[in-house]
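Student: Listed here are the chains, written in short residue letters.
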Amino acid sequence: MTKRPIRFYQVGSFAVGNRLLSDAERTVQSDPQRSNSIDSGHRACQGCGEALGARYALDAAMRAANNQLVAVNATGCLEVFSTPYPETSWRIPWLHSLFGNAPAVATGVAAALRVKGRSDVRVVSQGGDGSTVDIGFGSLSGMFERNDDVLYICYDNEGYMNTGVQRSAATPPAARTATTDVVGPQPGNTFGQGKDLPRIAMAHDIPYVATATVADLHDLEAKVERAMSFRGARYLHVLVPCPLGWGSASNETIHIARLAKECGLFPVFEAEYGTVTAVSKIRRPVPVEEYLKLQKRFAHLFGKNPHPEMVTHLQEIANRNIERYGLLDADESPAARHAEVES
Amino acid sequence: MNKRPFAITLDVGTSRSNHTGSWRVERPVYLDRLPPCNNACPAGENIQGWLFEAESGEYEAAWRKLVEENPFPAIMGRVCFHPCESACNRVQVDEAVGINAVERFLGDYALQHGLRLPEAGPDSGHRVLVVGGGPAGLSAAYHLRRLGHAVRLVDSSAQLGGMMRYGIPAYRLPRDVLDAEIDRVVAMGVEVILNYNVEDIEVERESGRFDAVFLAVGAQLGKRVNIPAGDSAKILDAVNYLHEVADENPPLLGRRVVVYGGGDTAMDAARTARRLGATEAVVVYRRNQERMPAHQEEYEQAQVEGITMRWLSTISEVQSDKIVIEKMRLNAEGFPEATGEYEELDADAVVLALGQDTDLSLLSRADDVVVEHGAVKVSDNLMASERGVFAGGDAATEDRTATVAVGHGKKAARNIDAYLRGETRAPAAKHELADFSKLNTWYYSDAERTQRPELEKVRRQDNFEEVVLGLTERNALFEARRCMSCGNCFECDNCFGVCPDNAVIKLGDGKYAFNYDYCKGCGICVHECPCGAIEMVPEVI
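If you're matching them up, the sequences are chains B and X in order. Under my numbering, the first sequence has 165 at position 168, and the numbering climbs by one with no breaks. Position in the second sequence (from 1) plus 51 gives the number in my numbering.
Incorrect hints may have been included.
Taking lysine-lysine pairs in the DSSO-like style, the calculated list, with each CA pair at most 27 angstroms apart, reads [to be verified]:
(1) B:K301 with B:K290
(2) X:K489 with B:K293
(3) X:K489 with B:K290
(4) B:K278 with B:K192
(5) X:K116 with X:K481
(6) X:K285 with X:K378
Just so you know, these hints were derived from the structure itself, not from any lab.
Modelling step: build the complete structure from the supplied sequences, incorporating the hints.
Tutor: Here it is in structure tokens:
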């Protein structure tokens, strides 16, 4: 018989760890000695994707930086639920200043470390999509443009969640928020608005830009590690489902993030110096409905007065992502799948 | 004085003082569910358990776990029709795990490395008579010895093995494998008497002062039908035919052999005839392929070897060099009906493989043992009489496979043990089934099943070399690792990784615990557990 490598088929490369894997092949998260950068007792909701994403990313960054890390945090859920005075969940040096200035503060921290000759200490700046895409966008773009030595991580839960679920420029079309109500002929958030921040970041030609979700830990950790291998401005955009704002079950946080990637609405890729270098292929293709139906913010698209044309529109957006990033192998592209249904 | 920085009035505290576990209305708990393979195994093997050991390359540990239930892995790995694989959840992902192939690998590994079965238990002082040295009797002897009971095993044939030797041809089960696994059981201190016919079970029991009896006499009598036949017509039954072949005294059948019947025995008889020189071996069966009782594997291998099938046909007359067959059709209920159309077929001999009956004449004086439909009537505990008579294997069931018989042997042994201690055995309640809906198969990567190599067709024509070959260690390991470990934790660390509240504690050695001080009860760990080994239960207030 032909030889074939013995792979860990029981768990593939998708589970957090496995007793059969060597330590080097396991994730940072499978290590009982992981940093737990954000500690128990934080006040994030049940099943919070952001709390999970932050621990995933920062623990990986801690390992990559030999535990020499400073984090600067923008205002937002992550800051509010982790540091109700005088308690803190952070087990790493951590600063918070204002909603819109985290990239600028991080720039300052990096400059101070440079002056002190502490090239061993690395700087991470982080925030939600509100502080990243809207409020801190100017200072973030400046940080990119100056190529300051900071890894900026955006935990994207697609809205202002802790203030009561208001729309941000990262809220997807059709989604219900407190400020995009389900009224009128096109209920929910407007189509054709919003910002695609990973692509904007790429346009700055910075060393590294990547997207990830909390559903693929191996991929997320590899991207953090890759990002930490560069000096200069780097950007990581992590999709973190929000059970509260999205109206999803708390146990489905990871499942929903996985579906966002599998349906094509959230493309997972990485880019270096403005050019896409790798994409995560879709493994089990699903129509956007499977992703949307699990979230109450899209409930108005289905049910008694459905809006199938809006679902179709969202599917077109997903298809566009699939084409743009080549998320499916040739024979599985939306066009080919469509042809199969027709025949 | 205040030594704190400007405008700071409180010391920094940790969020650990905030016990978020109080938010919870449901709590996750670890549990073991019953994997469908284990549930389907007639021998009651802990398949998931021994695959778990095999996955780490711990073949001896895997084998030890296997022989806790079944002392014949090398035999089972060849002759079992593996209901475990039909039940395997992996069927719904790609293909079933090749459990049978791994079992055979482990069995062969143990034989190659001379592994010994567990020692017999401390002497209980009880004596048990086991009648019949087939899979049921041998399995019972093994388990009875482990429980410390003295066992006398009697058999009417010249060698032990029952239908494993006299029914299953050597190309499916090589005799060195059979002998080696049987010898290992005998070596545990079983008193064996061969070529011995028990005429009367009561006499036997009294003269030997046995405390209990296990009847595992099998079904050795080929069923006959009345077919008009000429004086020189050669008609045999398949059971005798295979027995004589096994005794290396095969009868001469001629060049053209017809086998009548559609079960595994029919396939074995036809394949055996072909190996012994028949140029044509035709199986005549009254129903069609879908309704044939033979297992698909046997049928496919027979086809490869050039056995031809005559579906929807009955034999209405046998002459010295030909037979007359009548064509049938299936009625609405699926029963065959005669059509009145006849056809002649050249044939030098006809082998009848129409099922088997049990010879229970030894029970003639045992008035309290009931025989129903040709089988001993037994309770759920396999007890045939309150006086400690138990029965199992082909003699007590219509489901006549070696694996069922091995399972009966074990069950009988455990019930006999309870009986000897003056108790009635009440098996522990089964765990909830780990059906497919309990799994999160995203985490298992795609892996097609490893096919076992088969002996080339030309090399099967005139000998009894084994047809299906074993897996290499590499392939066996690959195959074992395809197991999804349904319902039982396999240490993937997912729960430990996916908790947003760091409320899972990794204890090491494959153990985890929840920190209910901080677990908010979100349920992500349950949803993302690949194998369904965690469940949410309501908090009781």
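Student: Hint by hint, note whether the structure agrees.
Tutor: A quick look at each hint next to the structure:
1. B:K301 with B:K290: holds (14 angstroms)
2. X:K489 with B:K293: holds (25 angstroms)
3. X:K489 with B:K290: Roughly 21 angstroms separates the two Cα atoms, so the pair holds.
4. B:K278 with B:K192: holds (23 angstroms)
5. X:K116 with X:K481: holds (19 angstroms)
6. X:K285 with X:K378: Since the Cα atoms of K285 (chain X) and K378 (chain X) sit roughly 22 angstroms apart, the hinted pair holds (cutoff 27 angstroms).
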